[in-house]
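Turn these sequences into a full structure, and let the hints steer you where they fit.
Same order as they appear, the protein sequences are chains A and B. Once you know that position 133 of the first sequence is 133 in my numbering, the rest is easy, because the numbers rise by one and skip nothing. Once you know that position 325 of the second sequence is 325 in my numbering, the rest is easy, because the numbers rise by one and skip nothing.
Treat the hints loosely; a few may be bogus.
Stated by the list, open to error - In silico BS3-like links for lysine-lysine, alpha-carbon gap of 27 Å or less: (1) 48/A <-> 203/A; (2) 113/A <-> 36/A; (3) 48/A <-> 96/A; (4) 212/B <-> 269/B; (5) 400/B <-> 203/A; (6) 113/B <-> 203/A.
Calculated directly from the structure, the hints in this document are not laboratory data.
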Amino acid sequence: MSFPRFLLTVALAVSCTAALADNFGDPVAGERVFRKCKSCHQLGEGAKHRIGPHLNGIFGRRVGSHEDFRYSRALVRAGTGGLEWHADTLDTFLEKPRAIASGTRMSFAGLKKTEDRLNLIAYLRIFSDDPANIPEADPTATATDHNLDPAILALQGDPEYGEYLSSECTTCHQADGGDDGIPSIVFWPEEDFVLAMYAYKNKKRAHPVMQMMAGRLNAEEIAALAAYFTALEQ
Amino acid sequence: MTLNRRQFIGTTATMAAVLSAPMVRAQGKPRVVVVGGGAGGATAARYIAKGSKGAIDVTLIEPTRKYYTCFFSNLYLGGFKEIEDIGHTYGGLAAGGVNVVHDWAVGVDRDAKTVALAGGGSLPYDKLILSPGIDFVEGAVEGWGLSAQNAMPHAYKAGSQSELLKAQLVAMPAGGTFAMVAPPNPYRCPPGPYERVSMVAHFLKQNNPTAKIIVADPKPKFSKMALFQEGWANHYEGMIDWIGDDFGGGTVSVDPNEMTISIDGEVTKVDVCNVIPAMKAGRIAEIAGVTDGNWAPVNAADMSTKADADVYVLGDASSQGDMPKSGFSANSQAKVCANAVRGALTGSKVFPAKFSNTCWSLIAPDDGVKVGATYEATPEKIAKVDGFISQTGESSDLRKATYEESEGWYTGITTDMLG
Ligand SMILES: Cc1cc2nc3c(=O)[nH]c(=O)nc-3n(C[C@H](O)[C@H](O)[C@H](O)COP(=O)(O)OP(=O)(O)OC[C@H]3O[C@@H](n4cnc5c(N)ncnc54)[C@H](O)[C@@H]3O)c2cc1C
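Now the structure itself:
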């Protein structure tokens, strides 16, 4: 995707629903992609939790909701906030796990290729009874190319503006990194920060306050915040 | 303005502080005086000092040595906090470069640009920021006045009043009656009285389960009403009798000597009577001549008053448009103001005003709800952009997470205010 600058904001608003509609994944190819997941996750008959939880029946399941698996606080929080696994949320997560849950313990860089994600989601869907039996429920393994325009990630923000904007964050997020009840936002890699803000903005991450706060930040402001937070770490 | 004992001790003890306050200033440094070290004033003082890195001389005038937050003072009543959990000193501000003067501001001369102190002397300013919180409208509740605040506490300024109300709650006889007179709009913390009812009910359910609560309310509806009523039915069935305006809740008088309350002509003897009268801006705003009616109208872009471009009013005392009077709002407004004041005095960049607010309320253990919105500055007022509210019937996990979030927010905002 590449847009003239002035179209950036508009493009963002629609990017999560538009691109690549009607493009279904191939479960056979997905099985090959799943090899990358196998060392931590089991799938199929008799699957058990390993380093990661088993992935049977994942469609429609609340994030972080296996009672007998110890998740990171970040995933539990995302689930409590109402996030569920569907094709679109899985797609966002698989591309960059930390865009959905900054503190996830899943140390997996993500699947950069839309096609890989699409195929993997199609494969996972075979092991989710509900959507398999009821075609209308989470019916497609359609991945959406929500890749942020590289121009957005490349935007150079004004750190001074970022400092001013960040004062709105520190009303709740403690500046010293304490994280009781509200997650810490210090020492956050710039790109993860930007991805997370857009995930809230596009309502991929569930939290009403953050959806509202990120919702009104424009591309320039998100870049300014990222620039400020990055400068802090140096 | 009546001083209670805690404040009185504060005032005498502060004379020394006033004398030792730095009266000799570096020549030519611009001077900002902030009156009131609460959610608005402390934040403004801290952000101006922090942002200007010594280029601006910032003095905060605040009579009390310890600021007891109204936020979470209801949780203290419910037994979830100790009083000292909600008390904060000003050491962090002083360390951050703010001159903290423990005294009352008693006069403002806007022509000479000086603020007079109760302890004598005055402070010159280039920019004056007032964030004095609220005072009560005299005669708002028939039979009640400040002289009755010990018999019938308001507990709407936290500290000794909160402790008094708690002591009375604890001393209630078995099966006794707790009455509340709720305030008319606009007032500090729209969900505050109803969170208080919830916390009182929680305490009574544990300690005095046959006791009753009556609320006389001059309003037909209130903030988060559906959420509170759902919670009251779930947790405190049959304990709370809320009498809204439609049923005479607005026709109220009290007799502090007899400990009676009359609601729509019906007189009831009660054991505790929490009177929360109608409110207005803290007196100093009126003394400064920047109020119109009960509140001080301000410009949304920078919180400067309509009356004087060098005098700013923050928080509860201001009349600004759509934001509720809350600690979160005052803190948010203070940052916009600090940015504008720095820009005006030192030429630093001034960014567009952005405001936000979220108010959490606790209904019962692990049953938290919240309401929030974002706002922007328009030429007329601070105008609401977008908002959300908790829903009825939410899962207990979500309610628990919401409560835990409020704990995080409390640590966040008190650090953000006071360093
Ligand atoms: C029961 C209750 C619960 C609440 N819960 C919440 C909540 O959960 N969340 C939330 O955001 N808000 C809450 N609030 C509201 C919040 O406390 C206020 O909106 C907030 O404190 C307003 O800030 P302020 O700066 O305007 O005034 P304040 O915080 O009241 O500060 C005013 C300060 O000015 C000082 N002062 C006054 N006059 C003078 C003078 N002449 N000279 C010098 N100093 C002076 C006072 O001593 C005081 O310290 C609650 C309020 C109550 C009563």
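So, going through the hints one by one against the coordinates:
1. 48/A <-> 203/A: violated (31 Å)
2. 113/A <-> 36/A: Holds: residue 113/A and residue 36/A sit about 14 Å apart, inside 27 Å.
3. 48/A <-> 96/A: Holds, at about 24 Å.
4. 212/B <-> 269/B: Satisfied, since the Cα-Cα distance of roughly 12 Å is no more than 27 Å.
5. 400/B <-> 203/A: holds (22 Å)
6. 113/B <-> 203/A: Cα-Cα ~50 Å, so violated.
Against the hints set out earlier in the document, violations occur for numbers 1, 6.
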